[in-house]
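The numbering of the sequence shown is the numbering used here, which starts it at 1 and goes up by one.
Please note: incorrect hints may appear among the correct ones.
[Said to hold, decoys possible] Below, a list of computed lysine to any residue pairs in the SDA-like style, where the Cα atoms sit at most 25 Å apart: (1) Lys115 - Pro83; (2) Lys115 - Ala95; (3) Lys115 - Leu70; (4) Lys98 - Ser111; (5) Lys98 - Val42; (6) Lys98 - Thr17; (7) Lys115 - Ala3; (8) Lys98 - Leu40; (9) Lys115 - Gly20; (10) Lys98 - Gln46; (11) Lys98 - Thr39; (12) Lys98 - Gln31; (13) Lys98 - Val58; (14) Lys98 - Leu44; (15) Lys115 - Ala102; (16) Lys98 - Pro83; (17) Lys98 - Gly20; (18) Lys98 - Gly85.
[Said to hold, decoys possible] Label pairs and their in silico Cβ distance ranges: (19) Val58 - Arg93: 37 to 47 Å; (20) Leu36 - Gly85: 30 to 40 Å; (21) Val132 - Arg35: 18 to 28 Å; (22) Ile15 - Leu76: 19 to 29 Å.
To be clear, the hints were calculated from the coordinates, so they are not data collected in a lab. Cβ coordinates follow ideal geometry from the N, Cα and C atoms, glycine included.
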Amino acid sequence: PHAIALGVTVGFLSILTSTGGPFIAVPLLFQIDARLPPTLVVALAQTLCIPVASCALVVWAVFASIDLGLAITIGLAVAAGVPCGSCIARRARPAHLKLVIALLLLAIGGSTLWKLAAQAPTTLEHHVEQLVDEQPHRTH
Numbered sequence: 001p002h003a004i005a006l007g008v009t010v011g012f013l014s015i016l017t018s019t020g021g022p023f024i025a026v027p028l029l030f031q032i033d034a035r036l037p038p039t040l041v042v043a044l045a046q047t048l049c050i051p052v053a054s055c056a057l058v059v060w061a062v063f064a065s066i067d068l069g070l071a072i073t074i075g076l077a078v079a080a081g082v083p084c085g086s087c088i089a090r091r092a093r094p095a096h097l098k099l100v101i102a103l104l105l106l107a108i109g110g111s112t113l114w115k116l117a118a119q120a121p122t123t124l125e126h127h128v129e130q131l132v133d134e135q136p137h138r139t140h
């Protein structure tokens with residue numbers, strides 16, 4: 001039951017946010033059971049990439065356009081980094097690996113919030129301008 005709920009949640013949030021399975025799965029897995037070894041969580045989350053990426057590719061190919069060249073380039077670069085990251089993760093102490101994961105998630109979240117906050121006034125002004133432009137002009 002937990003595995004199915006986790007899978008549906010990861011799939012839904014991954015396609016909604018375009019963040020990928022592991023970015024969503026890692027914190028959720030630690031929430032479900034904080035005692036899980038981080039190497040198991042990371043390995044499981046990486047394995048989730050296969051169905052998430054496959055489904056996302058089909059969905060985005062049907063409903064949007066994909067820069068295939070950029071996708072292949074980034075994919076190959078990611079594949080090149082996996083062995084190095086795996087080696088370091090297996091040698092790291094579990095507590096240190098959990099801390100690195102948590103700090104990375106906080107840094108990415110903080111950076112995203114900062115960027116959104118910086119865009120907010122511009123976005124709000126744009127929406128107000130659109131509303132004003134759409135209002136019927138009355139002449140008296």
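Quick rundown of the hints versus the structure:
1. Lys115 - Pro83: With Cα atoms ~32 Å apart, Lys115 and Pro83 exceed 25 Å; violated.
2. Lys115 - Ala95: Violated, because 30 Å separates the two Cα atoms, which is more than 25 Å.
3. Lys115 - Leu70: holds, 23 Å
4. Lys98 - Ser111: holds, 20 Å
5. Lys98 - Val42: Satisfied, since the Cα-Cα distance of roughly 10 Å is no more than 25 Å.
6. Lys98 - Thr17: This hinted pair holds, its Cα atoms lying about 23 Å apart.
7. Lys115 - Ala3: violated, 34 Å
8. Lys98 - Leu40: holds, 11 Å
9. Lys115 - Gly20: holds, 20 Å
10. Lys98 - Gln46: holds, 16 Å
11. Lys98 - Thr39: Given that 25 Å is the threshold and the Cα spacing comes to 9 Å, the pair holds.
12. Lys98 - Gln31: Holds, because 12 Å separates the two Cα atoms, which is no more than 25 Å.
13. Lys98 - Val58: violated, 33 Å
14. Lys98 - Leu44: holds, 15 Å
15. Lys115 - Ala102: holds, 20 Å
16. Lys98 - Pro83: holds, 19 Å
17. Lys98 - Gly20: Given pair Lys98, Gly20 holds - Cα atoms ~19 Å apart, limit 25 Å.
18. Lys98 - Gly85: Holds - the C-alpha atoms of Gly85 and Lys98 are around 14 Å apart, at most 25 Å.
19. Val58 - Arg93: 37 to 47 Å: holds, 40 Å
20. Leu36 - Gly85: 30 to 40 Å: About 18 Å separates the Cβ atoms of Leu36 and Gly85, which means 30 to 40 Å is violated.
21. Val132 - Arg35: 18 to 28 Å: 56 Å Cβ-Cβ, so the 18 to 28 Å window is violated.
22. Ile15 - Leu76: 19 to 29 Å: The hint (19 to 29 Å, Cβ to Cβ) holds, given that Ile15 and Leu76 are roughly 23 Å apart.
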